[in-house]
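Number of protein chains: 4
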Amino acid sequence: MIPYNSIIVYVTPKKKRYIKKLTPGDVWHTNDGALAADAVAALEYGAIARTSLGMPVRVEEATLYDLLMGIKRKTQIIYPKDIAQICLRLGAGPDRTIVEAGCGSGSLTLALSWFCGPTGKVVSHDSREEFTRLARRNLDWAGLGANVVIHNRDVSAGFEAAGADALFLDMREPWLCLGQIPQAVRPGATLGFLLPTTPQVSALLDGLETGPFGEVEVCEILLRPWKPLADRLRPADRMTSHTGFLVFCRYQKKCPEFDSWLAPGTRERKQLAAALEKQAARSAG
Amino acid sequence: MIPYNSIIVYVTPKKKRYIKKLTPGDVWHTNDGALAADAVAALEYGAIARTSLGMPVRVEEATLYDLLMGIKRKTQIIYPKDIAQICLRLGAGPDRTIVEAGCGSGSLTLALSWFCGPTGKVVSHDSREEFTRLARRNLDWAGLGANVVIHNRDVSAGFEAAGADALFLDMREPWLCLGQIPQAVRPGATLGFLLPTTPQVSALLDGLETGPFGEVEVCEILLRPWKPLADRLRPADRMTSHTGFLVFCRYQKKCPEFDSWLAPGTRERKQLAAALEKQAARSAG
Amino acid sequence: MIPYNSIIVYVTPKKKRYIKKLTPGDVWHTNDGALAADAVAALEYGAIARTSLGMPVRVEEATLYDLLMGIKRKTQIIYPKDIAQICLRLGAGPDRTIVEAGCGSGSLTLALSWFCGPTGKVVSHDSREEFTRLARRNLDWAGLGANVVIHNRDVSAGFEAAGADALFLDMREPWLCLGQIPQAVRPGATLGFLLPTTPQVSALLDGLETGPFGEVEVCEILLRPWKPLADRLRPADRMTSHTGFLVFCRYQKKCPEFDSWLAPGTRERKQLAAALEKQAARSAG
Amino acid sequence: MIPYNSIIVYVTPKKKRYIKKLTPGDVWHTNDGALAADAVAALEYGAIARTSLGMPVRVEEATLYDLLMGIKRKTQIIYPKDIAQICLRLGAGPDRTIVEAGCGSGSLTLALSWFCGPTGKVVSHDSREEFTRLARRNLDWAGLGANVVIHNRDVSAGFEAAGADALFLDMREPWLCLGQIPQAVRPGATLGFLLPTTPQVSALLDGLETGPFGEVEVCEILLRPWKPLADRLRPADRMTSHTGFLVFCRYQKKCPEFDSWLAPGTRERKQLAAALEKQAARSAG
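Chains as they are written, first to last, in the numbering used here: chain A, 980 to 1264; chain B, 980 to 1264; chain C, 980 to 1264; chain D, 980 to 1264.
Think of the hints as simulated: they come from the structure by calculation, not from any bench.
Watch out, some of these pointers could steer you wrong.
Which copy is meant is left open, because identical chains are indistinguishable; a pair holds if it fits in one copy or across any two.
[Stated by the list, open to error] With a Cα cut of at most 30 Å, we get these calculated DSBU-like pairs of lysine-lysine:
#, residue 1, residue 2
1, Lys1053, Lys1257
2, Lys995, Lys1233
3, Lys1000, Lys1051
4, Lys994, Lys1100
5, Lys1053, Lys994
6, Lys1206, Lys999
7, Lys1257, Lys1051
8, Lys1257, Lys1100
9, Lys1051, Lys995
10, Lys999, Lys1232
11, Lys1233, Lys1257
12, Lys1233, Lys1053
13, Lys1100, Lys1233
14, Lys1206, Lys1100
15, Lys1233, Lys1000
16, Lys993, Lys1053
17, Lys999, Lys1233
18, Lys1053, Lys999
19, Lys1000, Lys1257
20, Lys1100, Lys995
21, Lys995, Lys1232
22, Lys1206, Lys993
23, Lys1206, Lys1232
24, Lys1000, Lys1100
25, Lys1232, Lys1053
26, Lys1206, Lys994
No experiment lies behind these values; they were computed from the predicted model shown.
From just these sequences and the hints, can you work out the full model?
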């Protein structure tokens, strides 16, 4: 009942999780016996398989979350808590075109591919060929990526996209690429950035200040896990405290007058009010 | 250039945000002059419009985030930070069927509709007709909802769904509906819950313990906003501290032997080790 | 220059910290050579000592924080971040009498002893003799405790104190001891509690509701460490997410009328306002 | 029973809190009647007083926490959550001498005075006379400050202290004063800093790097309040997200060799191991 080529999570009684592709004829060898893929394929998700030595193994479908945590990594990946927020803020989804650089190991790429689906499009870039290959390999492994093109390219020389709906940069010095953004996205597009340190955030904010960008927001997403114990409910002892700062903004021209505008008569009314106050103070003194 | 019936965010120089549908012939009246929809339609997103009194107004596209924050509310809505995490954990997306109850004002419904797109499906429920109507109205307003059916139904009597990929409950006593879940979802499906208080979380964990559910996780998502000032970068003074606890699990049969299983010979080896230790202690004493 | 019997922290080039009492004639043996206490005593705090193999060792004074983290533990200790908040809320300090139960390993006892000094007093209790002895040993080791008495006593049968300024309970079921508090503290005294789980907090709140207690507050203290790197400033990757919930309140009689009181004429004014509104609605209709 | 000149908190049925000194003959006038200090003096803490119009008023002792929140402010004060951590890390207490600059409105000064008591000493500085006067007035009001001297002085020209146990700086550019610290404190002393923004933290870390300082730590303290409701226990909706970053370190000479030291033979052993590995690789290739 489980289709071949699905990604499976095997969970052992010791709660260890192994993520594997279900390939016809494969056998998974553990210290506690072997498990044949063909036997697993006859089960349904959530069922218990048995190794040759009788160990029960829970057979779970790899969810999007499992895929994101299960890809091969040669870089720090973007974590699901941040990916979730990024995908929502960028409006990933059917019919949308999202640009990304650099792809790194491809965790965000994978999620964008998932959400955009066959009618959407993901245009990814990385200047290091090692990573464009790794990201593609991870997409293939996950059975995703048909809507993704990955360019081996340094985006400080330009993106391989035009008129995109949104754009995300996960790179050390994204401020060096800001000048290339207008050619890549449509007016009003949402832009996102992930940066691990505060001096980087300051440098990016400085860069955004001088370009056609507005509605700048900075935030952190914290996921606090709890122990799922009804009678002794409480937060877990430790948690991830930091992965990175998220910056979001929109591509839109600066309008100096916008920030300084006063309604007609406002200045005059204010001057009048001030004069009246002075007068009142004088007659009271 | 901006299509009629788009949802627009108008931003004033005072940073007030007004979310409105761009309807042919409409005029938006402000204290600082009127703005005709037909004039706005000729602009592109991110441009500056002018009211009749000369006030500059930034014309922004309503993003998914803006839509979620802009719907009409008669209940506490689910917040984007939680919606993002829920949609990722449930694997919302093309080709997926997601079940939900209660829909409330429809904020999660809207995001599920966005992510699932024309090839996915959202089956929503609420026992209060007032809310099924409100959620539909909000979907219509946002130009979404073609993939959504909303049932006016108390799901403690069963869901209007079968074989769904995932299911989410945002209700006061979700433990009363757990028995109906197996009929609604496929084996291995991811289930999610939002609960504001810890006694509710404990009650739900108790309920999950007695049914065919596993891989239970509890967490909170915190979004900490920062002030976007390069030279004086720092967190905002105040933040939302709590919206709700998120609980995720999978629909899968309990397997008592799974948790208690020991590899063949483990017990024997442990007994032997203990006996040897005792003997060593005795000869040392 | 460093007085004998001081508590010293030795820091090695690998950043390992060893906390030790400076005892005349002692020698500290490490894998990288020996260090004589008498040589250390000739230094000043912050200086570098050398082992017999030439390893440089930073000689630091054990601060209050180091003492709290360095005591022998047979229980979960209360952490400095919580101790700091507790001592401030209880108003530990000269001339104050603070009651505590159970003392556990004595970390809070130690801090209370420090802050209250020779003119203050700490009255501690634990029902397990093992812990009264351990706490005393830790106080002796730290060179503190002259102002502390520790009773081997189950406080559900009463405290060995009367008229104290404040009281703190770190025990599994503090609600069982609430009836003994009035005999132990003076009217208006601040009471504090530490509890690891939410069901315990709920049970305590229920207990406080039925007794002479008011101004109840519940909070958590989170300490988020940052990496001290000027150029790559950012939060540490992981942090302690949870130690316990702190509950504070005051010993003061309930006054049912207090919560329900309305200023004379308030009800009448409200009735009049409602009547007028109705009338206005009718004439408008 | 309540001594005159005590600081009292009056709590009204609407939960408003008013902090006042109990002065003989005084009358406190409210919209709901007057309350004579002499009547309050006859009560005990926690009791209910009555205004002339019958409003019940809870009479509470001002705790250290109430004093800290109740002082007159002309600056951003340091908050109790941070003060608690600072006092613990600096080891405020009897017999200790703590140096501080600038005092601002005097909230930390007040807490240091409380914890250090008659046998300790607080030496405070501020370059603005307005604040030295305000801090003293707040100390007087609170009945504290006998152990405090406040200097109207810019500490970039030196502190009015020598050999202190610990030192705290709450100023915009503390890095300009680092050179003066060695004259003010004893070797090994703990130093603390409060800074609102990350560029300031980076600048301070740079400054500490070039001077005789070590064991640098950076952290934030977060206090998350919960709603004290047994049946609906949960965090409060909103919280203070940021007050400032705390930096702690010790005054101790840098020792370049300390950080780079290798045990005798370590380098040689490492070189040997590397050579052996190379050889093995070669013969395997």
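Hint check results:
no.	hint	result
1	Lys1053 x Lys1257	between (68 Å within a copy, 24 Å between copies)
2	Lys995 x Lys1233	between (53 Å within a copy, 17 Å between copies)
3	Lys1000 x Lys1051	within (13 Å within a copy, 45 Å between copies)
4	Lys994 x Lys1100	neither (37 Å within a copy, 33 Å between copies)
5	Lys1053 x Lys994	both (25 Å within a copy, 29 Å between copies)
6	Lys1206 x Lys999	within (27 Å within a copy, 36 Å between copies)
7	Lys1257 x Lys1051	between (71 Å within a copy, 28 Å between copies)
8	Lys1257 x Lys1100	neither (63 Å within a copy, 47 Å between copies)
9	Lys1051 x Lys995	within (18 Å within a copy, 34 Å between copies)
10	Lys999 x Lys1232	between (48 Å within a copy, 22 Å between copies)
11	Lys1233 x Lys1257	neither (37 Å within a copy, 52 Å between copies)
12	Lys1233 x Lys1053	neither (39 Å within a copy, 37 Å between copies)
13	Lys1100 x Lys1233	within (29 Å within a copy, 40 Å between copies)
14	Lys1206 x Lys1100	neither (39 Å within a copy, 33 Å between copies)
15	Lys1233 x Lys1000	between (50 Å within a copy, 24 Å between copies)
16	Lys993 x Lys1053	both (27 Å within a copy, 28 Å between copies)
17	Lys999 x Lys1233	between (50 Å within a copy, 23 Å between copies)
18	Lys1053 x Lys999	within (19 Å within a copy, 43 Å between copies)
19	Lys1000 x Lys1257	neither (80 Å within a copy, 36 Å between copies)
20	Lys1100 x Lys995	neither (35 Å within a copy, 33 Å between copies)
21	Lys995 x Lys1232	between (52 Å within a copy, 18 Å between copies)
22	Lys1206 x Lys993	within (17 Å within a copy, 34 Å between copies)
23	Lys1206 x Lys1232	between (48 Å within a copy, 21 Å between copies)
24	Lys1000 x Lys1100	both (25 Å within a copy, 27 Å between copies)
25	Lys1232 x Lys1053	neither (38 Å within a copy, 37 Å between copies)
26	Lys1206 x Lys994	within (15 Å within a copy, 32 Å between copies)
Violated hints, listed in ascending order, are 4, 8, 11, 12, 14, 19, 20 and 25; each of the other numbered hints is respected by the structure.
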